[in-house]
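Produce the complete structure using the sequences and hints provided.
Protein chains in written order, with the working numbering: chain V, 1 to 114; chain X, 1 to 112.
Calculated from the structure, these hints are not laboratory results. Among the clues, some could well be false.
[Claimed, not checked] Residues of chain X clear of chain V, computed beta-carbon distances all greater than 12 Å:
| no. | residue |
| --- | --- |
| 1 | L11 |
| 2 | S12 |
| 3 | V13 |
| 4 | Q14 |
| 5 | T26 |
| 6 | L34 |
| 7 | E42 |
| 8 | K56 |
| 9 | F62 |
| 10 | F65 |
| 11 | S69 |
| 12 | A70 |
| 13 | V78 |
| 14 | Q81 |
| 15 | T97 |
| 16 | G103 |
[Stated by the list, open to error] A few chain V residues that face chain X, going by a derived Cβ cut-off under 10 Å, partial list only:
| no. | residue |
| --- | --- |
| 17 | Q6 |
| 18 | L46 |
| 19 | Y49 |
| 20 | S57 |
| 21 | V60 |
| 22 | C91 |
| 23 | P107 |
| 24 | R110 |
Predicted, not measured: the structure shown is a model, and the values here were computed from it. Each residue gets a CB set at the ideal place from its N, CA and C atoms; glycine is no exception.
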Amino acid sequence: SQTIHQWPATLVQPVGSPLSLECTVEGTSNPNLYWYRQAAGRGLQLLFYSVGIGQISSEVPQNLSASRPQDRQFILSSKKLLLSDSGFYLCAWSLTSGRSDTQYFGPGTRLTVL
Amino acid sequence: DQQVKQNSPSLSVQEGRISILNCDYTNSMFDYFLWYKKYPAEGPTFLISISSIKDKNEDGRFTVFLNKSAKHLSLHIVPSQPGDSAVYFCAAYTSGTYKYIFGTGTRLKVLA
Numbered sequence: 001s002q003t004i005h006q007w008p009a010t011l012v013q014p015v016g017s018p019l020s021l022e023c024t025v026e027g028t029s030n031p032n033l034y035w036y037r038q039a040a041g042r043g044l045q046l047l048f049y050s051v052g053i054g055q056i057s058s059e060v061p062q063n064l065s066a067s068r069p070q071d072r073q074f075i076l077s078s079k080k081l082l083l084s085d086s087g088f089y090l091c092a093w094s095l096t097s098g099r100s101d102t103q104y105f106g107p108g109t110r111l112t113v114l
Numbered sequence: 001d002q003q004v005k006q007n008s009p010s011l012s013v014q015e016g017r018i019s020i021l022n023c024d025y026t027n028s029m030f031d032y033f034l035w036y037k038k039y040p041a042e043g044p045t046f047l048i049s050i051s052s053i054k055d056k057n058e059d060g061r062f063t064v065f066l067n068k069s070a071k072h073l074s075l076h077i078v079p080s081q082p083g084d085s086a087v088y089f090c091a092a093y094t095s096g097t098y099k100y101i102f103g104t105g106t107r108l109k110v111l112a
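Set out below in structure tokens:
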């Protein structure tokens, strides 16, 4: 069966510090991978998605970047965090066939920027 | 431009009664719809989905209805249980785009 891992679970960082959140998927090959952010009391905002190694699509221009160095690894980064980067970050995966299919989420990372 | 809308931010229902959560969309190209349940500080959990070629899909206590002409879908939970208390998100997808568009969520509280 497929599982998705995210770490760390919680993170408190000062403004201006760098960020690296990691997501890995097990039990499937060539998944589509996604990063979402949920701000307090808000819905899920799609940040990045990837349909293959090295392929990144950005949905919202902002202070963040994403990379996919391996098939089942997706990394969310920032060089300098802003207060507005605080939120709950979710990684997700789906099948890569392009057919309508279900998307599955990881447990999330709570990021607080002070 | 919010393509998927959940206009009720919250809903309270008595235990044992029916919970009806609603979702509206604007993009007629969506061909797959999903409902997720989310507890605080956890990732969303997939509940049920429906293809645009159907108008109803049922899984245990959960039924999703799709009205394509009205661009409206709803999730029915019968009977509602206290453990159903969570935030529910609807999402829509267009084949080949790889992107899922989420609504803003409805917080359901089931009262014992």
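Hints versus structure:
1. L11: 16 Å, holds
2. S12: Correct as stated: the minimum Cβ-Cβ distance to chain V is 18 Å, above 12 Å.
3. V13: 21 Å, holds
4. Q14: 25 Å, holds
5. T26: Answer for T26 of chain X: holds, closest chain V Cβ roughly 15 Å.
6. L34: 6 Å, violated
7. E42: 6 Å, violated
8. K56: Answer for K56 of chain X: holds, closest chain V Cβ roughly 17 Å.
9. F62: 14 Å, holds
10. F65: 18 Å, holds
11. S69: 20 Å, holds
12. A70: 20 Å, holds
13. V78: 23 Å, holds
14. Q81: 22 Å, holds
15. T97: Its Cβ does come within 12 Å of chain V, the nearest being 8 Å, so this is violated.
16. G103: The claim is violated: G103 of chain X sits with its nearest Cβ about 6 Å from chain V, within 12 Å.
17. Q6: 8 Å, holds
18. L46: 6 Å, holds
19. Y49: With a closest approach of 6 Å, the Y49 of chain V hint holds.
20. S57: 8 Å, holds
21. V60: Where the cut-off is 10 Å and the nearest Cβ of chain X is about 12 Å from V60 of chain V, the hint is violated.
22. C91: 8 Å, holds
23. P107: Result: holds, 5 Å to nearest chain X Cβ.
24. R110: 6 Å, holds
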